[in-house]
Amino acid sequence: MVFSATQNQTAVDLLEYVAVSAGMMFGASCYLVLGVIAGANSVRYTGLAIAIAATLCIAVALAVGEMASRFPSAPGIRTYLKRAFGDEFSLFFTYLSLLVVILFAGIEIKVFCDAWWPGTAPHARALATFAMICFLGYLNITGRELPHLLQVLICFALVAGTIALSWVAMTRFDTALAYAPSAPQASFMSSIGISFFIFIGFEWVTPTAKSPEASRWFIPISMVIAIVTLAITYLLFALALKVALPSSDLLRSTVPQVLLGGRLFPHYGFLLTRCLSFLALLTILNAGVIGASRLLYILARDRSFFGWLNKRLSVLNSKGVPSASVLLLCGLCLLSSILEIYFDAAQNVAQVCAGLYCLVYCAFVASHIRLRKRPIDKDLFRSLLPTSLYYVLAAILLMLGIATFLGSADHISTRLPLLTLITFLSGAAAVSVAKSRRIAQFRKTS
Amino acid sequence: MRDWEPVILIEVLNTGWKQYLPVRDGRITEITSDFMDISHVVRLRSSEETLVAIFDGRFNPLEAFLNGELEIFATDVDQVKLDAISLVLWGV
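If you read the protein sequences in the order shown, they are chains A and B.
For what it's worth, our numbering labels the leading residue of the first sequence as 1, then goes sequentially.
For what it's worth, our numbering labels the leading residue of the second sequence as 1, then goes sequentially.
Same shape as in the complex, but just chain B (with noise of 0.2 Å):
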């Protein structure tokens, strides 16, 4: 995670509301409704229960996106590091 420093963007798909989560040395710094550096940014959409369900441990992010629930915009790169998150918070 070494020099990684996106901004991931999450929004809900059928309320409209998104929030900025920029990474800074590994950590998100903060959690924002407006952000201007968007240059790198990583975005997950979704609907506001299958979120839910993902940041309560409930839901895979994996099986969320391979069911089409949890919809990824990023680059190969970010992709594949967003994976290791996943695979050390949520696990297999």
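Okay, chain A solo, but in the shape it has when bound (with noise of 0.2 Å):
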């Protein structure tokens, strides 16, 4: 079969927006919070959490793809909130959601760590951590990006890469005897809370779109495909950590990929599974930095930081790039990864990354269902779920923040003031950013 040229375009397009969604989702860090999700849960539990959460994050994808295709280029979060609730609101889940982009990648940075230099000292782990991001805000702020055609590569060898080494694990161990937990870990809707974390980000392919036709269709059919890809992707790795390690190592490691490549493949192993960590490492931050550096520029352009700060972070660079966007973002993943090297609390700032993020998507679809009242002339892509179902889906992302926050009692001392902190920050510039631009927009009118 002969398929056109137009046929094959579009084909791309959507493998293009698919490796963009399933690349912000799929990090190193993903492997740690399965480890821990496997090792606190039997087989079934493990498997229902990830297959639950992933089924939520659908149809919360399909509440945001009904709001890009209402507001196609928008920039997703800040524009989505703010035309359903207001200034405050979409500041305090804009700023809420760089936060955790932070700590996501501060997690990212030290499990890389831990996958390629185990058992280094955490001064020369800061150390190597200060020279990659280094590299990588300079290649920011020369404009150099992965190719899109290399994004999708990287995110299939990816998805193969971990897909092909869970299939070995299942078939050279007898799935019959899976690990179970050694005592009760968690709440099972605290795993289901914390499944969230695998399925950060899939919203950040919304700004990219490059026509209408794509905000309409192709944004929100390729964060379904992304979520369903990688939900199996994650289902078969979750199998494979259960038959292959004891729920004690899960638990305790920050790479759980690396100890099963070890325990599969004795002398070539290590290798592979950092290799994949490498590459998760890269596809992540890759969309990553380039996405927040640009959200941060036109929220600076939108005057959405203190009075200083937007002079600063509107700058451009000769190339075009938001210099001190992305020098600032830098600085602050830097911050992050150097304090989860030393204090070692990759776990719980995931657990609060998961609890704060199932708030904001709480808050996409608390907007989504105060925007499908209004009344819109033009074609629009519409979730054939109804607005009843989206108004318990707010209820049990809401319920399920919180039971992440709780989680079991242990470290909760960390996760605690880590929350508060995050949260006030967020609060307190969202309501005094969005009243000095009211007064502003006073004096301009007056």
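There are no misleading hints in this set.
Cross-link-like lysine-lysine pairs, in silico, PhoX-like; alpha carbons within 20 Å at most:
| id | chain 1 | residue 1 | chain 2 | residue 2 |
| --- | --- | --- | --- | --- |
| 1 | A | K311 | B | K81 |
| 2 | A | K210 | B | K81 |
| 3 | A | K319 | B | K81 |
| 4 | A | K311 | A | K435 |
| 5 | B | K18 | A | K210 |
Everything labelled a hint here was simulated from the structure, so no lab data went into it.
Assembly of the complex is requested from the two constituent chains, each provided in isolation within its own frame, with the hints serving as guidance.
Spelled out as structure tokens, the structure:
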């Protein structure tokens, strides 16, 4: 069968959107979280937790897709929430999501260091982290990014490599003899909540639409395809972990993929899985830093920070790159990584990120419910789910977020202060910036 | 703006009206309803009311973009250049 050039281009475009969406979700830290979920639950509950989180994320993705279709090319969270609930609400959750991205980057780099340089002293890892982030900053400031085709290939290699590793584990070990959790580690609700961590980021594909038609069809469909693909990948990998490694190892290790690789292929398994970790870091940092620095630039141009910061962050260099935004982002990611290296709190920070993002998705769903009530005179992508179901979904996401924060009693003294700090910073910034914008607007019109 | 020569396509959503504004040597050389070479195109789409308000100077295009009222389909480089133009012409 011969496909036309248009059909080929359509397929390539769709693959690209799927790769961006999946690339934003699948990081090296996902292996850590899958290890935690698998270590804390039986096979059945591990599978259920991931499947339920994926299903809820698909419902959220359909809502986000409908909003992306209503506001094509708009910068996602900032626009959807602002149009639904106003400036403060939008600013609060935008700052929250940016802070989560910074924490997420810190976890990614920490896990990457654990994979490549296990057992090295924290200051050596901090130095390596500094070098990596400087290099990443240099690439971004000079306008270099991975070509889209390479992004697609890397994403494909990462998914295929993970599935292959899982397949080998499941054929080599008897799946009926999967290790049971040594003791109940966390509630099932919090396991579902922390499973959200492995799906964080699918919605960052929405501003990348190249055409109105892409916003209407490709973006919503690509998010669903990406979530389904990764859900299958994660399920297989979690099952592989259950059959190959004891639960105590899974709960302790930040790099279960390396342990699995070493168990399956004693001679070259460590290298293979480290390469997987590298691919995961590459795809997420490439898309994440670029996307987040552009969002920072847009927010600064919209005067969404304080006066002097707005001026600095909205400066472009000769390559058209918001260099100050890139530098600020890299600096904050460096700080986050170094703190996580020294405090070794990756699992707890991941739990906080997952809980916070449950609330961010709750805000997305609430905005979708509100916007659906407003008529619009253009053809839109419509989620087939009724509005009443989205009310239920919003309530579930809120409960999941709270359950994830509380989780097990262990290390709650780490999670609660971090959660309080992030929420307070976001809330205080949102209120003060919105107030100063209203004052500036009043002065302009009076 | 050196070597930046796109065709800016302005589309009005509620009427279907389209105008092409080719940019050559840093200037808009013509405004036409038809144009052959659209290999490098920057698409701006909005309602008639919003576009009139923008080009009247009453509405900042960045604010319109952030409110989801102005759709811009262009490469990242082109979006940055458009933003630089809006900063000069419409201000902060």
